[in-house]
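K.L.:
Residue-level listing of the chains:
There are 2 protein chains.
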Amino acid sequence: MPKINAARLLSDLRRFAKFGAYRTGVHRPSYSEDDINSRRWLAEQYETAGLRSYIDGVGNVFGIPRSEERALLIGSHAESQCYAGWLDGALGVIYGLEIARTFAKSPGCLDLPIATVAWADEEGHYVPMLGSRSFIGDIDQEEIDRATNVDHGLPLADALHAAGLARVPRSFIEAQRYVGYLEGHIEQGDTLESSGKRIGIVTSIVGTWQYSIVFYGTQNHAGATRMAIRKDAGFAAAKLAMAVAESFPQVAGPSTVWTAGRVTLEPGAPNIIPGKAEVLFQFRDAQMSVLRRLDTLLRELVEDTALKTGCRFGILQTEAGAPSHMDLTFQEAIEDAAEHHASGAHMRMPSGAGHDAQIVAQKLSAGMVFVPSIGGISHHWTENTADEDLVLGCQVLADAAEAILRAGGKKSGAHVQER
Amino acid sequence: MPKINAARLLSDLRRFAKFGAYRTGVHRPSYSEDDINSRRWLAEQYETAGLRSYIDGVGNVFGIPRSEERALLIGSHAESQCYAGWLDGALGVIYGLEIARTFAKSPGCLDLPIATVAWADEEGHYVPMLGSRSFIGDIDQEEIDRATNVDHGLPLADALHAAGLARVPRSFIEAQRYVGYLEGHIEQGDTLESSGKRIGIVTSIVGTWQYSIVFYGTQNHAGATRMAIRKDAGFAAAKLAMAVAESFPQVAGPSTVWTAGRVTLEPGAPNIIPGKAEVLFQFRDAQMSVLRRLDTLLRELVEDTALKTGCRFGILQTEAGAPSHMDLTFQEAIEDAAEHHASGAHMRMPSGAGHDAQIVAQKLSAGMVFVPSIGGISHHWTENTADEDLVLGCQVLADAAEAILRAGGKKSGAHVQER
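Protein sequence lines correspond, in order, to chains A and B.
Here our numbering is used: the first residue of the first sequence is 8, the next is one more, and so on.
Here our numbering is used: the first residue of the second sequence is 8, the next is one more, and so on.
The hints are simulated quantities; they were obtained by calculation from the structure and are not laboratory data.
Hints are supplied without guarantee of correctness; some may be wrong.
[Unchecked claim] Simulated restraints on C-beta separations: (1) V157/A with T55/B: 47 to 57 angstroms; (2) V157/A with A235/B: 22 to 32 angstroms; (3) E253/A with Q369/B: 46 to 56 angstroms.
All figures in this text were calculated on a predicted structure; none of them were measured in a lab.
For each residue, glycine too, the CB sits at the ideal point set by N, CA and C.
From just these sequences and the hints, can you work out the full model?
P.N.:
Now the structure itself:
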């Protein structure tokens, strides 16, 4: 059994959080100086773990075993959301590093090749899941050339150039080289904590459907325009939020979630009736049938709201990801390991958050392990997990990796650098 | 009877709209190059009308008659909202210029002194009603030194310096020099148009009470956080909007208006549940008792909304202007003139919008004339008024000015430059 080094794991997690440290979290957006420095540091660590390391043309960091045997790929993404937590992404990256090092020094595991990866821009500062999508061949060069930063609008091409990646080839998956993919991650919700569990075995990753909904009213003076004749686009946005709150629960599944994360009123002055309101709205579920029903309902509610408020409307679907299912054999391997190290303190659960694993699962068998988020908090600098859970998650993932590699995988693939 | 020159009036209105022309409207924010150029142009025009002109330390442009007799002050504000209409403010300024020119050339009116003014920053790019408040002594130097631009945040002091006004003294009203103040303005609503009237005789100007309302929820991951445990600050803001829509009509007066013109969600990402929502909310009424009742109700609704959504809240009143009443004698003079030129096509009405007249009315008898806004639209570049109504408004104001000056005023004051 590969025994991970708990002190080394925690020390490296804390070392990694120094790249872009912000309060008790990190600010390490994709291709920032801190992000690039953290990836160079990772490449060095992969080498010391006996792997051949390199950074590809979108910033993915790979650690490739020197063996010709089919390897198990382990990792997550290295960048963070803006001013966010120290574990999201980084945890799974350091898990991969720690497991590769452990296997390299465990006499019984020397014939079990671990490959490591730190994906780029899962958080979508430019393109959500950019690194893993690039790896499986799901994004063409044109989309990359067109992409801009969601915050400051500068081109991705400029960021890659500044990071020294402009002429570096992208790496693509190649068949028959991998047993599968494992990813460790914080849960980012409170299901584990509120259930008194320490390990989550991910069964599926939800599909996220996202929309830009725009109401067009009549911009006018907030003092001189009678209430009776107003067409207030901002009020339409509020009314839609209430209609969704009333109607969605009747159609949603037990785990469905929905969010209006951004609302923009134009012109946005206190003394002007908003002439335009844009709502960024999304919902998520693990069942495609539920996603389809919600899509139909949402469109009805938007139209009905526009009708009732005298506004015109537009609705544009900007994301329509299918739910992704984790490999059943991998789930069993993780569950066996969890039962061994934390008997009764584990549960199978869907992931409400999106992860690189859902992308990689299109090409390889994939599995995910969750550890509890204290208070269910993530995407905020106060995000945290108890040290003993951080260590437990890595040991469970290491044991599952051993079992999977000993059993061999169902699907497979490998990667090659673009010429 | 002073007969205005309709062609000259329309020509000057169109000339003035070239300062900061934007589509069919203007973009002439306070102290922008276009705003300052328009004020210099006005000062020249005042001189050609026989007045002594100057620009004071906050950008007010005055045209002072050479006579020692008590004068009637006529004007409005010269700057515009951002990317807004060509008439708002500018109309009343050009009315003042046209009436001064007409009186100067009308043999029967040579003994009736007209003073003109173009107030600065009524629109509040820095401080709402800055120019008229400065003139009546309602703003101290400290507030001016502290003020910053609402859009780009740069200091007012820098803008005044760039405009060459840093060392120019401010002008203050002086007792016994004025018969009163008249202002022409577009209605900015659709009351005249929908009533089939061409002239509005303003009876009162509403008081505006404005609030910054903040809900604090729990910022969290939009995928991993169950609906049941969310504290969504954005949803609280939407719920408040609906509660206001249901409850306000039961307490409001027939002319009360209320608006949420700006809503800001933080952090504002589509995949993060908003942890904070700020709503800029205002209501307006001509009755102080109504304003007080709505204040009480709003506070109850905010507290109740916070309770129901699990959010904390803060509410800060940022404006609490008292309603202002126009002089009854002035209303009669305007009504007589309107009946003469447009029999039956006039009405008395309160102003839902704020105007410099409400400030000046604290020191002088004041009156206002409204002309119709096509479609009730203002604060937008499509704002417009029929040419014949533009001309009618000016002629009515000129006749009213003559009547008021012949009768003499009740209150009076005058101004002097700061030493």
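K.L.:
Hint by hint, say whether it matches the structure.
P.N.:
Do the hints match the structure? See the list:
Separation of V157/A from T55/B is about 55 angstroms and conforms to the stated range, judged on CB atoms against 47 to 57 angstroms. Against the hinted window of 22 to 32 angstroms, the Cβ-Cβ separation of V157/A and A235/B comes to about 30 angstroms, which satisfies the hint. Between E253/A and Q369/B, the C-beta spacing of about 49 angstroms keeps the proposed range 46 to 56 angstroms intact.
When the structure is compared with the earlier hints, no violation turns up for any of them.
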